[in-house]
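*Asks:* Below, each chain spelled out in residue letters.
Protein chains: 2
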Amino acid sequence: MTPPASSLRIGIAGLGTVGGGVVKLLAAQAALIAARAGQPIVVTAVSARDRTRDRGFSVEGLNWHDNPVALAADPNVDVVVELIGGADGPAKDLAEAAIAAGKSFVTGNKALLAMHGAALAIAAEKAGLVIAYEAAVAGGIPVIKVLREGLAANQISRVAGILNGTCNYILTTMREEGRDFADVLAAAQELGYAEKPDPGLDVDGIDAAHKLAILAGLAFGVKIDFADLHIEGIRRISDLDISFAQELGYRIKLLGIAERTGAGISLRVHPAMVPLSRPLASVDGVFNAVQLEGDFSGPVFLRGRGAGEGPTASAVVADLIDIARGIKIPVWGQAASTLAPAVLTPMAAHEGAYFIRLMVTDQPGVLADVTAILRDHGISLESMLQHGRKPGEAVPIVLVTHETSEAEVGAALLRIATLPSVLEAPALIRIEP
Amino acid sequence: MTPPASSLRIGIAGLGTVGGGVVKLLAAQAALIAARAGQPIVVTAVSARDRTRDRGFSVEGLNWHDNPVALAADPNVDVVVELIGGADGPAKDLAEAAIAAGKSFVTGNKALLAMHGAALAIAAEKAGLVIAYEAAVAGGIPVIKVLREGLAANQISRVAGILNGTCNYILTTMREEGRDFADVLAAAQELGYAEKPDPGLDVDGIDAAHKLAILAGLAFGVKIDFADLHIEGIRRISDLDISFAQELGYRIKLLGIAERTGAGISLRVHPAMVPLSRPLASVDGVFNAVQLEGDFSGPVFLRGRGAGEGPTASAVVADLIDIARGIKIPVWGQAASTLAPAVLTPMAAHEGAYFIRLMVTDQPGVLADVTAILRDHGISLESMLQHGRKPGEAVPIVLVTHETSEAEVGAALLRIATLPSVLEAPALIRIEP
Chain A
21 MTPPASSLRI
31 GIAGLGTVGG
41 GVVKLLAAQA
51 ALIAARAGQP
61 IVVTAVSARD
71 RTRDRGFSVE
81 GLNWHDNPVA
91 LAADPNVDVV
101 VELIGGADGP
111 AKDLAEAAIA
121 AGKSFVTGNK
131 ALLAMHGAAL
141 AIAAEKAGLV
151 IAYEAAVAGG
161 IPVIKVLREG
171 LAANQISRVA
181 GILNGTCNYI
191 LTTMREEGRD
201 FADVLAAAQE
211 LGYAEKPDPG
221 LDVDGIDAAH
231 KLAILAGLAF
241 GVKIDFADLH
251 IEGIRRISDL
261 DISFAQELGY
271 RIKLLGIAER
281 TGAGISLRVH
291 PAMVPLSRPL
301 ASVDGVFNAV
311 QLEGDFSGPV
321 FLRGRGAGEG
331 PTASAVVADL
341 IDIARGIKIP
351 VWGQAASTLA
361 PAVLTPMAAH
371 EGAYFIRLMV
381 TDQPGVLADV
391 TAILRDHGIS
401 LESMLQHGRK
411 PGEAVPIVLV
421 THETSEAEVG
431 AALLRIATLP
441 SVLEAPALIR
451 IEP
Chain B
21 MTPPASSLRI
31 GIAGLGTVGG
41 GVVKLLAAQA
51 ALIAARAGQP
61 IVVTAVSARD
71 RTRDRGFSVE
81 GLNWHDNPVA
91 LAADPNVDVV
101 VELIGGADGP
111 AKDLAEAAIA
121 AGKSFVTGNK
131 ALLAMHGAAL
141 AIAAEKAGLV
151 IAYEAAVAGG
161 IPVIKVLREG
171 LAANQISRVA
181 GILNGTCNYI
191 LTTMREEGRD
201 FADVLAAAQE
211 LGYAEKPDPG
221 LDVDGIDAAH
231 KLAILAGLAF
241 GVKIDFADLH
251 IEGIRRISDL
261 DISFAQELGY
271 RIKLLGIAER
281 TGAGISLRVH
291 PAMVPLSRPL
301 ASVDGVFNAV
311 QLEGDFSGPV
321 FLRGRGAGEG
331 PTASAVVADL
341 IDIARGIKIP
351 VWGQAASTLA
361 PAVLTPMAAH
371 EGAYFIRLMV
381 TDQPGVLADV
391 TAILRDHGIS
401 LESMLQHGRK
411 PGEAVPIVLV
421 THETSEAEVG
431 AALLRIATLP
441 SVLEAPALIR
451 IEP
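Listed in order, the protein sequences are those of chains A and B.
At the far end of the first sequence sits residue 453, using this note's numbering, and the numbering has no gaps.
At the far end of the second sequence sits residue 453, using this note's numbering, and the numbering has no gaps.
Do not take every clue at face value.
Since the list gives no way to pick one copy over another, a pair counts as held whenever it fits inside one copy or between any two copies.
Here are the simulated DSBU-like pairs of lysine-lysine, each with C-alpha atoms no more than 35 Å apart in a straight line [what the hints assert, rightly or not]: (1) K410 - K243; (2) K146 - K216; (3) K348 - K146; (4) K216 - K410; (5) K410 - K146; (6) K112 - K348; (7) K44 - K146; (8) K410 - K44; (9) K216 - K348; (10) K348 - K410; (11) K410 - K112; (12) K243 - K348; (13) K44 - K348.
Calculated directly from the structure, the hints in this document are not laboratory data.
Input sequences plus hints: build the corresponding full structure.
*Replies:* Written out as structure tokens, the structure reads:
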């Protein structure tokens, strides 16, 4: 296909939901995009597994490549769009080939960016090329642009986000319908919201952690070793904890949090109790949201659809319009060669308030034993909940601590778990302001 | 002052809260900004009324201009920043002089942009210059960037925002403290949140309308005649309406709304009943927020500080960093010469649901008269509220309509107002989904 010489010519690797969405969006909004971008943006080449599959659009007239890496060498391609996924393999090969061929690279691949983003940025910047990745984090919410450009005048002290729609859908449904994790997960898998057979990338927090690593790299101008992140998923959240949260004025959300501490940067993904008064608490279902704290801007809160064909295609095409407009911004907001390795504070040094739930035999002396251990570790309580009395039976006791350290809480819980009246491993959920 | 040749040299007109904030921010974050912008950004020249006033920083070493327009001709100035305000007069003169002198122009002036933005853009684009105005709308929220770049792949169907922090503060305080408008306005004036002696720019909706006109121009790619906007302020909001709103599950907010209708574009600023479940409903105090609807992105919601030294300076400096990075985007997101005049739908053609409050003498037959008139105009009711009975005394009756047209509601209320048992002009507040 030979479009007008003044068009920006796109090669797309991966024609799944998002890749197909990009093709459809570029066709549907061709005139609008040409007016805004200053030139038409046209797909000239594609690569996918199956040429004959019905995708709702025709690939006739497009250069077809069985090997995605061949897109980089296609003389009719100015910009390579990678929507294959995976931190390594063809996605990484294609990124490197595109840069080597002198072509800018647009991706929605959070794993690739989280693992190899700093190295790819150095190569791209040496060659004067763009790597754009708005679609990698929070779908239709332009959080990369907000952080890298809109808040560029600020030192960012904290980024906290609901970054995985699958987890948020599961937690929301558990709360609204009083169902347990396994049940809702199975339903989410049927609906296509969670992967089958292994939903781990979502529910174990890995996907959210990839996105958090990207946001943190941008916010703090650092290179992050992904292996250093603290990552917990939502498998252990019980319906009991969800109803206690409600009673105490919290919502349980899987948060990705990046914040400056006295000693460095804390990077962590885990379920958190969020006070109902906070904007993040009322973000339900498949929606994503990010709260950013700038030293001059103050808090900036963004909310929108985190995934799906339309929102993700919107983000990919926004990057293409930027490129068509001639926008070149360092991949990580400053020259990649100047990124310092991140100094991460260990989770044991985390300070905060904690929600603790114990299942105990309802008998005299249990509470005295528990509170004595907490006292030994310098942990004071803000509140304590126990409903009704069932002498001799298992009952939940909920403790909410004042600010303390993760190390002390961990040590105290190890001891509490050994008490004969404590029947199962204590549940621990951090409270986030 | 002679900074390194590779710096971006800034001249600032107006050293009030925002101008002073920009000077302080550029000094405080100099290293960070140089790393992100690719070069230092330094203030070399200023203009203000009083050279000797203590502003918390020194103007020694800066070129001082008594006449702001002289900044445009200063050979040590690369970019002119206008923070004087006002649609005409020195602000407009300076904008024109800067463009004529071949210098990009950054402003926080919503009135200037709303009134003369299209004409200024044509001049700037002819000269290959930037006009940037992130600070003109919603302070620390980068909504201009989100709309013009982040959502550039979308047709925008609707923009709805809480765009004036003064009004939102007044409405929030009325609700939280059960006080009336005049009382809270006086307190807001003492706190410096509202102008003295004339708070009209804020409380009559003019400031919000300026911002709405800018957002609508960007969202729809049109030139807007500001005189065509429908603008109502908050002076007539009573504490009675605020408590009925609460009871019915709404919050009263001053909204600026721009939306595509079948016949054109509806642009209106007025108090609105917002369902508590909507993100805009829980934006309180001086915060601003904007809800954007893109056809591919879906809803995107932004919330942050709408005014004040830090947030507004953050927006001005983000624009300067964009310019230092070499970013050039058409002022209105597409070539200014291609902007079509907006076709606005008249308010009479508006369709929606309405909250109506009548003060009536509690006597038999009142409701029959009122509902007969509504029936004559084809208006059906979703609910009706009347508390207690006070025979012969004045009582409020609240009617919530199903969707109907502004013309029919207006005609019905004219007739209802003439009923002998209706004691004062009916209160009318539009319900926004």
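*Asks:* For each hint, tell me whether it holds in the structure or not.
*Replies:* Right, here's what the structure says about each hint:
With identical chains, the CA atoms of K410 and K243 are never at most 35 Å apart, being 53 Å at best within one copy and 71 Å at best between copies. Taking the shortest alpha-carbon separations for K146 and K216, neither the intra-copy value of 41 Å nor the inter-copy value of 56 Å comes in at or below 35 Å. In the homo-oligomer, the alpha carbons of K348 and K146 lie at most 35 Å apart both inside one protomer (13 Å) and across protomers (22 Å), since each shortest distance falls under that limit. Proximity of K216 to K410 under the C-alpha cut-off of 35 Å is found in neither arrangement, the shortest distances being 41 Å within a copy and 65 Å between copies.
Taking the shortest alpha-carbon separations for K410 and K146, neither the intra-copy value of 69 Å nor the inter-copy value of 81 Å comes in at or below 35 Å. With identical chains, the CA atoms of K112 and K348 are at most 35 Å apart both within one copy (21 Å) and between copies (31 Å). For the homomeric pair K44 and K146, the shortest alpha-carbon distances inside one copy (33 Å) and between copies (34 Å) are both at most 35 Å. When the C-alpha separation of K410 and K44 is checked against a cutoff of 35 Å, the pair qualifies neither within a copy, at 61 Å, nor between copies, at 63 Å.
When the C-alpha separation of K216 and K348 is checked against a cutoff of 35 Å, the pair qualifies neither within a copy, at 39 Å, nor between copies, at 45 Å. In this homomeric assembly, K348 and K410 never come within 35 Å of each other (Cα to Cα): the closest approach is 66 Å inside a single copy and 70 Å across copies. Taking the closest pair of Cα atoms, K410 and K112 never come within 35 Å of each other, the shortest separation being 59 Å inside a single copy and 77 Å across copies. In this homomeric assembly, K243 and K348 come within 35 Å of each other (Cα to Cα) both inside a single copy, at 20 Å, and across copies, at 29 Å.
Taking the shortest Cα distances, K44 and K348 sit within 35 Å of each other both inside one copy (26 Å) and across copies (28 Å).
When each numbered hint is compared with the structure, violations occur for hints 1, 2, 4, 5, 8, 9, 10, 11.
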